Structure formats: structure tokens, C-alpha cells
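According to numbering that gives the first Met the number 0, the sequence shown is numbered sequentially starting from 0.
Be a bit skeptical, because a hint or two may be false.
[As the list claims (entries may be wrong)] No more than 20 Å apart at the CA atoms, straight line, and that leaves these computed lysine to any residue pairs for SDA-like: (1) Lys271 with Lys171; (2) Lys77 with Asp148; (3) Lys314 with Phe336; (4) Lys351 with Thr320; (5) Lys171 with Arg112; (6) Lys353 with Cys405; (7) Lys25 with Arg10; (8) Lys296 with Tyr359; (9) Lys192 with Lys271; (10) Lys353 with Ile388; (11) Lys296 with Tyr338; (12) Lys289 with Lys393; (13) Lys378 with Gly341; (14) Lys256 with Asn206; (15) Lys192 with Arg112; (16) Lys256 with Val329.
Bear in mind the hints are in silico, worked out from the structure with no lab data behind them.
These figures come from a predicted structure and were not determined experimentally.
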Amino acid sequence: MPFNDGGTNMRYGAGWTGQPLLFKEKDELYLIQGSYDYKLRKINAETGEVEWKYSFDDAIKGTGTLYYNKTTDREEGKLAVLQGSRQRSGLEYNYRSVSAVNGEELFRMRIERTRSMSRDVDGSALILGDTAYIGLENGVFRVFNPNDDYAFKSGKFYEPEVYTELNLYSDKDAARRGGNLITESSPSYLNGKVYVAAGSGYVYGYNIASGEIDWEYYIGADLNGSPVVTEDGCLLVSVEKQFIAGNGGMLKLDPSKEPQDALVWYFPTGNKGLLTWNGGVIGSASINDKYKEKGMKSLAAFSGIDGYLYVVDYKSTDGTTKSFDGRTTVDKPELVFQYKIGQSISTPIIFKDKLIAAGYGEIYLFEFDADLNFTLLDKKPLYFEATPIVFDQKVYIASKDGWLYCLGN
0 MPFNDGGTNM RYGAGWTGQP LLFKEKDELY LIQGSYDYKL RKINAETGEV EWKYSFDDAI
60 KGTGTLYYNK TTDREEGKLA VLQGSRQRSG LEYNYRSVSA VNGEELFRMR IERTRSMSRD
120 VDGSALILGD TAYIGLENGV FRVFNPNDDY AFKSGKFYEP EVYTELNLYS DKDAARRGGN
180 LITESSPSYL NGKVYVAAGS GYVYGYNIAS GEIDWEYYIG ADLNGSPVVT EDGCLLVSVE
240 KQFIAGNGGM LKLDPSKEPQ DALVWYFPTG NKGLLTWNGG VIGSASINDK YKEKGMKSLA
300 AFSGIDGYLY VVDYKSTDGT TKSFDGRTTV DKPELVFQYK IGQSISTPII FKDKLIAAGY
360 GEIYLFEFDA DLNFTLLDKK PLYFEATPIV FDQKVYIASK DGWLYCLGN
């Protein structure tokens, strides 16, 4: 069932990461979806009816964050969407808080000029308690108050309280990379620290207690995907080919160790060009920690620019390979499944015994059993950059053709 609210505008559909947000309100399911046509929409997930639209100043690429404000008395402020967009020339307030209830603007956050070449916002904020954490494309890691009750008037707009700002690059990085210091990933939380993969080539660990970055691991590549926290206390990090001597791929780090000892394994993908990319993994990994039964392997799935979907056992290794630096020999995870789906920057989704993977040519539905025998159940020729969600046996995913699709029973 496709939903469309487009028209004839040449800018329509959704790109990377473009994942819809799903929530329930008064026993009705709703989706929040951003689009290239600058609009953020609240959509009835059953009927496709658009409840409200909110207009940004430029295209929306990234996925928003739903923030439940349990302290406010205002109905419109109880559930907010924190959403960024591309920055339109001359306009700086391209991060917004919008009421999920009625589409009312709650505040705007200014994205200042830095040594980075971009001031877009593709990343999603991480909410921990009453605090939000986000990496911005201007190369700044920002800690702020998502509660609009504490927003203050600044000129024409309300702005949120900002607690901390730290650069995710150094002068040396700027000299080496020029303005390519763009942070596009979303942060994740593990054992008192917030981890973010930065465009400067580092994975940073921000210590919440001290308010400082006290752990960093240098890869050197342009890092786009978000660090994924595994049940064994490690991080899965997507590595693009750009700026490194070796192949791009997927990296497992143990941040409980010193950075020089943190690498657990590396899985290289093939080198193949697409747009400005030369290989590696742009999206994030998906894991089965929530759904796996006793005795089942710990799976991580990811899609490469080389056109393949990969599934590995992230707790097991099988031989060695060259690391991302092209020189060091490191452990390699056990590969349990590989399938040619075509080039993709979307993140595949593992849901119970199903695996959904989308790319520039088709979307695929696989089923797997306890012995990890994978079977292709269905595929549909569509054009995707965005990442899907799964709920109640349905897959929701936005396409670059201008439609939001609901696929399933």
C-alpha cells in the first residue's frame, strides 16, 4: 500500500537515512516521515492520511528522534520530534523541535559555521533522561536540553539550552582533510559514555560524568554509519573506503580497552564506485540481540557499496584479513550469509527470523532458520536509500520515487 502526498515538485521522496518514526496516539498508529520536499509529515499508518505538515527551509534527509516530555503540562509539548535538515544558504536554524501532536514548532537550534564544509544535520539525537546528544555536520558534538519548557527567546525564534559543545576534529584533522570534517552518524550509549563516529575519521567516546571526550579510536575513513552497541559490550562501526589505504567494511571495537588494543575484527567489502563513494559500508549494521534464542549465533547484517548483503557472526572469527589500513593483519568474523542485492546505503533490518534489505534496485525479504539457512521469500523492484522499520508484520519504507510504502500482510 503506497502513500503519496507529492504533486509535481521535482524534489520528493526520501533518501539516506530517511527512516520513519512510529508511535501510538489514542489507540491509532502514526508515522513521522521527512522528505526531500522540505516537509515533515505526520501520517496515519493505517489509512495514509496526512495529519499535519511542517516545512523546513531545505530537504530533510536524516531520521528524527521522538522525545517524550513527561514533565510538561502542555499537551502539544508532551511528544516532540527532533529533526534536522540540509542547510539553506543564508539560513542557520536547520534543526527543529516540532510537536508530534499538532505540528507546532517548539524551538529551533542554530548550526554555526565552523571549519567543516557542511552545516546540514543528518544525524539523530540520542535522548538519555532529560538530555539530548547529537553530532552535527559542522563537526560539533552538542549536548542540549530537549525540553522546550526551558527554551529561550532569541530574536524571532525560541532556542534550546545548550550544555556542552565539543569539536569532533582537531587542527591537524582540518589541515589533513580540509573541510571534509562532516559528522553524519547518530550517537549511541554504552557504560556511561556516548559514542559517535565522526567524519574526521575517529570514533569518539564522550564521558557523561566528566563532560569530556576521553576515548578515541582513529580509522581515518569518512565514517557515515552509526556505532551499533552489541550485547558483549562492543561497537560495530561502518567504514567507508574514502581516505584509507585498505578496503572499507565493518569494524568491531571493544571500547573497554585502550584504543590501541580495541580492535576485535574487521570485515572488508569490495571496492566499487557509486556516486562519490569508492566502496565500504555507508549504512549501519543490524543485529539480532533482541530476538535470538538460546544457542543461536549473534548476527550482524550490513549492506555494501559493492552490491552485497553480508551477515556475519559478530562473536566468532574465521581466519584473518587485512585491516582498513591495508597493512595490518587482523581477525575476520565468520561469514554466515552473502547475497547480491545491488548497491545499497540502506541499513538492513533483522526482525525475529526475517531479514529485510533494500537498495537502489529492489527490496528483499529473507527468512532464516536456527541453522542459519537463508531463504528468499520475496522481492520488489523499487528505488531505496532509506532504512525501513518493521511493525506488526508490516514493513514501512520511503522511496526516492516519492512514495512511502507499507509492505506485508
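Against the structure, the hints come out as follows:
no. : hint               : in the structure
1   : Lys271 with Lys171 : violated, 29 Å
2   : Lys77 with Asp148  : holds, 10 Å
3   : Lys314 with Phe336 : holds, 15 Å
4   : Lys351 with Thr320 : violated, 31 Å
5   : Lys171 with Arg112 : holds, 18 Å
6   : Lys353 with Cys405 : holds, 16 Å
7   : Lys25 with Arg10   : violated, 33 Å
8   : Lys296 with Tyr359 : violated, 29 Å
9   : Lys192 with Lys271 : violated, 35 Å
10  : Lys353 with Ile388 : holds, 12 Å
11  : Lys296 with Tyr338 : holds, 19 Å
12  : Lys289 with Lys393 : holds, 18 Å
13  : Lys378 with Gly341 : holds, 12 Å
14  : Lys256 with Asn206 : holds, 15 Å
15  : Lys192 with Arg112 : violated, 27 Å
16  : Lys256 with Val329 : holds, 17 Å
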